[in-house]
Structure formats: structure tokens, C-alpha cells
Amino acid sequence: MATETVKPAPRRLSARNRWLQSVVEFFIESSLLMSAMLSIVVTFAIAGVVCYGAGEFFLYKDAPGGSKLEPMTAGEIYDRVTQFFTATEWTPGFQNPRYGIAPLVIGTLMVTLIAALIALPMGLIIAIYLSEYAKPRVRAFAKPTLELLAGIPTVVYGFFALTMVTPFLSIFFEANLQELLAQPDSGVWFGLVSSLHHWGLLPWFNGRLGDPNNQLSGGVVVGIMVIPMVASLSEDALRAVPLSLRHGAIALGANKFETSVYVVVPAALSGVIASFILAISRAVGETMAVSLACGETPRFPSNPAESLTTGLATMTSFIVGRAKGDAVHGNTDYNSIFAVAGMLFFMTLFMNMVAQMILKRYRQVYQ
Amino acid sequence: MKTGRSHSPMRAPAPSLGQTLPQVLVSALVLALMLTVLFHALQFASSEDFDWNAALSLRMPLAMFAVSFGIMLWLRYRPLQETTFSWIGFLATFSGLGILFFFFAQLIGDSADHFRTSALLIEQRNAEILEKQAKAEKDRQNWLAEEKRIRDETEAEMEGAIADEPDAASKAAIRKQYLEVVLPAQLKDAKIRAVESEVIDVQFFRSDTSFPAQLWHFLTAGASDQPQDAAIGPALWGSVLLGLITIAFAVPIGIGAALYLEEYKANNWLTYVIQVNINNLAGVPSVVYGLLGGYVFIDFVFRHLHTNPLTGVPIHPANLVGGGMTLALLTLPVVIVAAQEAIRAVPSSIRQGAYALGATRWQVIWHQVLPMSLPGILTGTILSLSRALGEAAPLVMFGALTHIDQLPSLGGRFTVLPLQIFQRTTLPPVKIGDETVHIWRDNAAAVSLLLLCVLLTLNGAAIYFRNRYQKRIRV
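Line order of the protein sequences matches chains A and B. Position one of the first sequence corresponds to residue 945 (our numbering), numbered consecutively onward. Position one of the second sequence corresponds to residue 322 (our numbering), numbered consecutively onward.
Watch out, some of these pointers could steer you wrong.
Calculated lysine-lysine pairs in the DSBU-like style (CA-CA distance at most 35 Å, straight line) [stated by the list, open to error]: (1) A:Lys1304 / A:Lys1079; (2) B:Lys509 / B:Lys469; (3) B:Lys586 / A:Lys1087; (4) A:Lys1304 / B:Lys586; (5) B:Lys469 / B:Lys453; (6) B:Lys752 / A:Lys1268; (7) B:Lys456 / B:Lys492; (8) A:Lys1005 / A:Lys1268; (9) B:Lys509 / B:Lys492.
Read the hints as simulated data drawn from the structure, not as lab findings.
All chains should be modelled from the sequences, with the hints used to inform the complete structure.
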């Protein structure tokens, strides 16, 4: 008892210090609120910038002989708007420039279609496998690998499209195959291709794949890029389904495949659909890979096969291609970037909001 | 008790293979025919001359039948689905790994090709330079000999003229005239020809073509028109600085926003709107961020700031700090979401204990929540850094260059590694000897390899941190 020391009573803050502390707290909370509000500010800023530029595009035309813009009459504005949405040429450099967005939309559509055909089934299969079938060790190895695949920058995917995917896909086309076989012998690949051709297994298509720019390799590469996103989002949705549903299905006599496909996936359908929509919106907004793979020239295809084998510019690759030139800043040609970017922004915004809404509203709440 | 249909306790036995096979064959045949007709119709619509011979051959229908038989059998015969789906899933998952492996192999092969070919080109150019030097030396020797000859001839002439003169004064005058007028005039004609042959591009001489020396040159020198000299020093520096500026802007703002959304949230409409906004911003294409950054930072913030107020160095509107801020806006949603998850994972018992001891809200955050959530925030930082290092599209819109010779500074124009890849991939191949070599593409492959190694290391570190952190929190 004698060796124990008495601890001093804890000091209390004086009223002034407590008031100071509350003032400091208020300022800290305000600054945190401002950081959080920055996201709203950014959204409005993007919408503002894009609408301002698009407004300039739709409301002004080039003054003759100069670099200024002059306002258009109502009839001309109407013409420009209808031309934007319905014309099938994008020719800013001609004597009579036409700005029709249909070529760019077709380009985006083709790339997105091919990417969706590749990524959505593949991603769903991977998600089902990882959530239902894979042993924990395999899963622990596969998930980081998928995320590594998601970490490759898109310019590198574009590089692969030019150097690996296009030469690989071109062996299925007759004209490219003939050209390849006419060259002197050059190694393992040549031997493989020539023997497949000799056995009649190649080519599959009669036409010619555009080299180096074509939509097909752009779509393939964007699909590969998007697979990890579909897989991880769908897998999260599938794992959120409670075990009781799975056990109930197995109790009724279903095997593992049947429970996965007929019970678990429908239960997680909102998450799976939302992941599909998010992946498609990512494919729509993809820039560098399609810019390298599909080129930057807006062109309207004249037949269905040409829409896949030639290099049509997408909305994003057109924007990058036009801004890369860095030539003139104030004229209609430059303002058309904002119009296209505006359409792109609102499209992806709409798709993202639909996906969020599906996730929130249709997610089944399990007790 | 109402009795409905009586359910047998056992399920009906699954149909055997013999029962499903006729169905499968028929449906496979139908599907194959439909696909073949569709395929030929597409070809007919696509080209002017339609190859009827190829259309009627059996190759395509047989291939389609094989494929559709496999698909139909798989769809109809459930035991097959059961046994094969795990294999299919395994192959699907690890084909991603295979793709990564192939990409890497291609990149390594192309980079090795690049260094090999540029060694050849450098040695070729070295040989040319040495040849020119030898020729110049020979010319100089010739000129020296010529000069000596002119001097001797002039001297002999002079001696001859002097010998005819009677007195010393006129001898001296003649000597003076020869030395000051005639000799320099004659030398001047010869000198012009000699000086011309001495101008050589010695600066392009690179003596060391071994791989380490080439690698060092690749990492430190600037861009150039010659593919063997094109290096990425400024791009590397620009990428590093840009990444640092991005996380310097994005991480504090991101942590602040996440703290507000998680700790101070009042569950009112404002936090809901902010949350929805963050989720939407995560899906906006990166080109649009480039347009935003170009407009806000170039035209608005940096328009009137022409020189640095501290150092007086001129500032270009499309500078590195502006680019960093643009990328910070781009990666802000990533940081916010990662920080939110990290802060949410802190157990509420810790917070409640701190509140019970009388701490204010900020004290709880600063002393308890933030230290515990720091590893998760670090993961978000690394993810945002790796995203920012790989972005090229917003920087193209922002005004970054692709060809820079000296290292960039914070206020000047800059370039980054992905932009170099983008530019060099599209350059045409070069003829060396009699073969066409895609040397610019190989150069881009080397840059891509460097970028990929850096990014995969960063992402791997982030994933590793996240896994370790999740194991720790799971108490």
C-alpha cells in the first residue's frame, strides 16, 4: 500500500478550449464536406464544358474566310442538328462540310458488339466457376491474376491488337492468307498456317481483313480488356446469394451445374445484368485500344461485312484523332469534338445510372 | 388435408445418352444448316462476286455441324454438363493467364529484336562516320601536301624574282609583297576546299552497342527521329512526376470525401447524391476528363499565369501540374471507393470506445479510424497511381507532346510513357538492307514492356496489401 502512487485526477478541458475545439471541428467538417462535394462539382463541370462546346457547334458556323464564328439562323441550326443525327458522312474538310454522327456510332456499335459477344459469356463462365466450382486455393490464385489482367493499360492492348490480334485473325481471310503464303518461309507460324491451309481448314472468309485497321481486332481486344470487370462484378453478385438457396436446390436433387445455372444465377440476376451494363459502358468509352486498332477515320460501311473488316473510327478514337492534330482551336471542326464527346458522356452516364438503379432496386434482400 | 398430386420421393432418372442422341443429332443438323445459310447470305450481301463453288462445298456445313453437335450435346445431356463445366470454367479462367503470358512473350521478343536491330543500325552508322573521318583525314593530308607545294613554289618564284633585283630595299619589297599578298591569295583557294571536308556529324557516334549501354541510353536519352536513338528519358521522368502529382492531389481529397461520407454522414439526400455521383464518375470515359481538364485548367486556371511567381520560369498552360490535376480528378472515384471500404471495415467497437472516453469526432477519426484504415487507403492509392500511369487519352486532349528532347519541368510541356507507345506504334517500318523491319513497333514494345513491368508490380503490391489487410481485420 505504501508503494502505490496515486495518479493525478484527469484534467478537464476549460470551456474556452472546448469552444475552440468545436470551432476547429466545424472547419474540419466543412473542408471534408467540400472534398465530398467536389464530385458533384466535377459532374456539373463536365456537363457544362461539354454542353458549352456542343452549343457552340450547333449554334455557330464558320465565318467565311476567317477563323471566327458567326451565329446561324434558326433554319441553319435546324439543318445542322438534323444533319448531325441523320447524315451518314463525317467530312469536315470538304467544300460543303457534313457532320453526321452515324459513321461514328456504327463504329462504336460494332466494337461494342464484338466485345460484348466475347466478354459477357466468358466473364459469366469465369464468375460461375470461381464462385461455385473452384477450390479455395485455385480461387486465391485466379482472382489476383484476373485483377492483374485488368491492370494492363489500354495503349498496350492497342499495341497487341496491331501486332498480335490482326495478324492472327487475318489468316482466316482469303486475301490476307494468300499474301502471307506468298512470302518466303519464316518459321513456325508460317509452317503451321501453310499446313492448315493445305489441309483445307483455312481460310474461312472470302474477303480481306483490313490491315492494320479493322473493327474486328478492336472488338476482340476490348472484349479481353473487359472480361476481368464482368468476372469480378458477377462473382460478387453470385457470392452474395445465400447458401440456403443452394442447399435447397441440392436437396431437391439438382446437381452442381443445375444449381449454378438455374438457381444461383437467376437469384443474382440483377447484379449480373448490372455488371453487363457497366462492362458495355466501359467498352463504349474505350479510347486508346480502339484508336490504335481501328484507326481514326470516320467512314460509313457500305455492306455488313465491311463494318467489321475495315477500320471505322469510333466516337472515342475520332475525338483523340482530331485533338491529336492540335491545329486550329476555334472553328466548327474543333467544336464538333464537344458534340461527339457530349453524346458519349450522356450515353455512358445513362448506362451507368441504369446499372446502379438495377443494382439497388432489383437486388433481392435476403434475411 | 387436401391432397394434390403425389410427389414421388425420388426424381425420375436422368435420360441416358441413347435417348438424347437422336434429339441432339436432329437439332445439331438444323442449327448447322441455319448457320451455314446465314453465313453464306452474309457473304452474298457483302461482296459483288459470289463464289458458288465454295458455297456448295461441304466444308463449311461439316464444320458447323461438328461445332453445333458439340454445343447441342452439351446443352441437352446434363451429366456431360456436370462433368465438363468445371473444366470449361478452369480453361476460361486460366486462358486469361495464358493471354498474359503470350503478351509478355511477344513484348520480350519484340524488345530483344529492337535492341538487336538498333545495334546493327548503330554499328552501320558508326562505320559510315569512321569512313567519313578517314576520308576527311586523307583530304587534310592532301591539303597539307598541297599547301607545302604552294609554299615551296611561291618561295621558289620569290627567290627567282629577288635574284633579278639589284639592291636590298627592292628585294625586301618584293619579299614583302609575296609574303603578304600572293601567298595568302593562293593559300585561300586551297583552304576553302580543305575546310569543307572537315565537317562531320561526330555527335551521332555511339561507341558502346552492348545491351546494358543501350538500355541506359534508352532510359535516359530523349526522343529522336532515328529509331535506334529514340529513347524515353523525358517520358519516364514525366510519368514519374505526373504520378506523384496525381496522388498528391487525389489522395487527400479522396480521403476527405470518404471520411465525410462514412463518418459524418447524416443519411440525408446530400450524401446519397454524392455517392451516386461518385459511382457515375467512375464510369465516365477518360477522354471526357481530358476535355474537362483542358478547359478548366488550361483555359481557366493557367491562362493568365505566364511565369512562375517564385522563380520567374515561364509556364506553359498545358503543363505537368495541370495534367496531374486532371488525372487526379480521373482517379478520384477509385481512391474514394477504396478509402470508404477501408474506413467501413474499422470495427464500430473501437469508435464507440473512443467516444465513450470523451473524444470528439475528429479526434476519433485522426487517432483511431485513420491509422487502422491506412493499409486499405494505401491500396487505393496504389490502384489510382497505376491507373494514372497508364492513361494516355486524357493527356492527348490536355495537350501533352509526344516528342520532347530534354527532361520536363513542372511548369513546362511534358510527355508520358503511354503516349510514346501510342505514337511509336503507328510509325511505318524501316528498310534495312533488303528487308523491312518494324523497328518503331519494336521500340514501342520495349516501352510497353517497361510500363507493364512497373504497373504489374504496383498492382501486385496493391493486391498483396489488400489480402494481408483483409486477413488482419477479420478478427
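Hints, verified against the model:
1. Taking the CA atoms of Lys1304 (chain A) and Lys1079 (chain A), the gap is near 31 Å; set against the 35 Å cutoff, the hint holds.
2. Distance check on the hinted pair: Lys509 (chain B) and Lys469 (chain B) sit about 13 Å apart at the alpha-carbon level, within 35 Å; holds.
3. For a cut-off of 35 Å, the pair hint linking Lys586 (chain B) to Lys1087 (chain A) stands: about 33 Å separates their Cα positions.
4. With a C-alpha separation of about 19 Å, the suggested pair Lys1304 (chain A) and Lys586 (chain B) falls inside the 35 Å cut-off, and the hint holds.
5. At roughly 24 Å between alpha-carbon atoms, Lys469 (chain B) and Lys453 (chain B) fall within 35 Å of each other, so this suggested pair holds.
6. Note on Lys752 (chain B) and Lys1268 (chain A): the hinted pairing holds, with a Cα-Cα distance of about 27 Å set against a maximum of 35 Å.
7. The hinted pair formed by Lys456 (chain B) and Lys492 (chain B) fails the criterion: a straight-line CA distance of about 42 Å is larger than 35 Å.
8. For the proposed pair Lys1005 (chain A) and Lys1268 (chain A), the alpha carbon gap of about 22 Å is at most 35 Å, so the pair holds.
9. About 25 Å separates the Cα atoms of Lys509 (chain B) and Lys492 (chain B), which keeps this hinted pair within 35 Å; it holds.
Checked against the numbered hints above, the structure breaks only hint 7 and satisfies the rest.
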